[in-house]
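> Chains A and B, in that order, give the protein sequences. Heads up, the first sequence is in the working numbering, so the first residue is 1 and it goes up one at a time. Heads up, the second sequence is in the working numbering, so the first residue is 1 and it goes up one at a time.
None of these hints come from the bench; they were simulated from the model. From a predicted model like this one, the values you see are computed outputs, not experimental measurements. Misleading hints may appear alongside valid ones.
Each computed DSS-like pair below joins lysine-lysine, with the alpha-carbon atoms no more than 25 Å apart [claimed, not checked]:
{"no.": "1", "chain 1": "A", "residue 1": "K92", "chain 2": "A", "residue 2": "K29"}
{"no.": "2", "chain 1": "B", "residue 1": "K21", "chain 2": "A", "residue 2": "K198"}
{"no.": "3", "chain 1": "A", "residue 1": "K252", "chain 2": "B", "residue 2": "K33"}
Among the chain A residues that face chain B by a calculated CB cut under 8 Å, a handful are [to be verified]:
{"no.": "4", "residue": "V28"}
{"no.": "5", "residue": "S191"}
{"no.": "6", "residue": "P263"}
{"no.": "7", "residue": "I271"}
One side of the interface only, derived from the structure: several residues of chain B facing chain A at Cβ under 10 Å [as the list claims (entries may be wrong)]:
{"no.": "8", "residue": "S268"}
{"no.": "9", "residue": "N276"}
{"no.": "10", "residue": "P280"}
All C-beta atoms, glycine included, are put in the ideal place defined by N, C-alpha and C.
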Amino acid sequence: MSKSLVVVDGIKKTFPIESGFLGSKKSVKAVNSVSFEIKEGETFSLVGESGCGKSTTGRLVTRLLTPDEGKIWINNEEISKMNENRLREVRKQVQMVFQDPYASLNPRMKIRDVVGEPLIIHTKLSTAEREKLVSEMLEVVGLNSYHADKFAHEFSGGQRQRIGIARALILKPKLIVADEPVSALDVSIQSQILNLLKDLQEEFHLTYLFISHDLSVVEHISDKIGVMYLGSLVESGTKESIFANPQHPYTKALLSSVPIPDPRAKRERIILQGDVPSPVNPPSGCSFHTRCPYKMDICTKTSPPLRESAESDHFVACHL
Amino acid sequence: MSENIIEVKHLQTQFTRDNKKTVVLDKVSFHIKKGEVLGLVGESGCGKSVTSLSIMRLFKDTTGEITNGEITYNGTNILNISESEMRGIRGKEIAMIFQEPMTSLNPVMKIGEQLMESIRLHLGYSDKQAREHAISMLTKVGIPRPQEIINEYPHQLSGGMRQRIMIAMAMSCQPNLLIADEPTTALDVTIQAQILDVMKQLQADEHMSMLLITHDLGVVAEMCNRVVVMYAGRVVEEASVLDLFDDPKHPYTKGLIGSVPKLGQKRSRLDSVPGNVPNPNQMPKGCKFAPRCKDVMPVCWEEEPAITTTGPERFCRCWLYREESRDAHV
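Work out the full structure: start from the sequences and follow the hints.
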């Protein structure tokens, strides 16, 4: 049994928004009591639809945002209240890959500097040593060392995402938080990047927190999955148990909504009514009750806690 | 050929930039039968959307122009008719839904006004009739409380609701052909399922023909009868949806289908197509897919293959099939 690299316990994050003529204060509960663990060498994926809080959770784990409540341990160090100086040490082990390969690379920096910048910040290597590492890393992610002298705009989307991955890997981190790393890419390129991420995980024994809205991608890459809805984790478990035996009505509907690229596939589709409610004004009780086909009285009143279901390691937050 | 609602033949469209002409579509030929859903698939920049804009002749204020080919709709070549005649077809007989429902609705116009505009114009209804028709269309696409919604503005609605409004608008004049350009790409999966459901229902009820443009093979498998695969501005394969997924012929189609992770299927690695889509200004000389193709042969670099028949109602643009092929698409 490998040990847990990441432990997240009951984190909450609320963003204030101002609205109304007199600037009356309102807030968005982006993440509401989310807890999970990621074991070393595993891929844990957060899935859910836009606005469900999956990206905010990713940013809390990397401490790009500070949680309002709750605790986060990375490699047995509690980081939720850590100051910037000490965080810098932690960040050597935690790196991030972003969704938009166009916006996340500085257009005025050469690739050599983009990929090498973390080394300047975190190490005292000489220029020559740094450049050697950069060249090696570019080869590892499937680019060439001569690419180091180019600028980001000279690359295609898939190549830019490789550059983003090289930058994340250069410090030899333990954990990579990848926020929708393939959703801006065409399918033929997407599969190249997914294969690369899998190969790198094996080679460097990486742990991934993978954030995506695409269930087919998540099924392909994950060991464990957490399903989020409106800021809360509604179900979590191993990939096999979530896909073979989904418990929460939202997970069931989500799985049945994914179009399968096989015209012979026959299945029953659960079509949810209505839209995701606004997180500014979330429904009372279970946040899913406005769209749930199995709504009961209790659902409108109390919010169900995340409980272990019949299978071990499979948690679900539902009154059913 | 009256069973075809539209026939596109040898379509060539180009754009001009800095006095340089770039051919974006070349030798694009396909047809849509009455009551059929034809899928047009391919990756970014393959010319899917330009094809739909060419059919609608929507190149005003751009440098795009159609430089060759015919588009026959109901027996007339719509590339030869005047702009005012085209205006009578656009929106009334051929309607279109765009990808981004926020940017395709006018933000300062009430929903009802936007819907009623084309109803009054094309159907000649009075204000009162148009209003009733608008409300009935909104009900058809599953908008709750349509009487109130028609007095609201687009920003008051969610993405899914806006896309329903777009569908109601496109369907309001009972078009013969609906062109849907990535209608669900901007939406979440549970909302996508709702919208696809509405579109399927309406298409079946009205026996309407549809051109569905998408990059999502899952959506294709679910919605379409036949599929046209495009790559680098060319049609590379055309087949019925079952044939295409059972037995893809073109190496690009094979790569595309292999690179999509499929729910419920365990594979440790995905197939992938190496390399990138070529830049339209620097197209390879022969087959446009040659630089990325697993089965590339010397002839592929020299000459672009013609589109040839590989079976009943199946076409493919690839040198691999030239022996078994009969004469090309006429």
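> Hint by hint, note whether the structure agrees.
Right, here's what the structure says about each hint:
1. A/K92 with A/K29: violated (30 Å)
2. B/K21 with A/K198: violated (42 Å)
3. A/K252 with B/K33: violated (36 Å)
4. V28: violated (16 Å)
5. S191: holds (4 Å)
6. P263: OK, holds: A/P263 within 8 Å of chain B, min 4 Å.
7. I271: The hint holds - A/I271 has a Cβ within 8 Å of chain B, the shortest such distance being about 5 Å.
8. S268: The hint holds - B/S268 has a Cβ within 10 Å of chain A, the shortest such distance being about 8 Å.
9. N276: holds (4 Å)
10. P280: violated (14 Å)
When held up to the earlier numbered hints, the structure conflicts with 1, 2, 3, 4 and 10 and fits the remainder.
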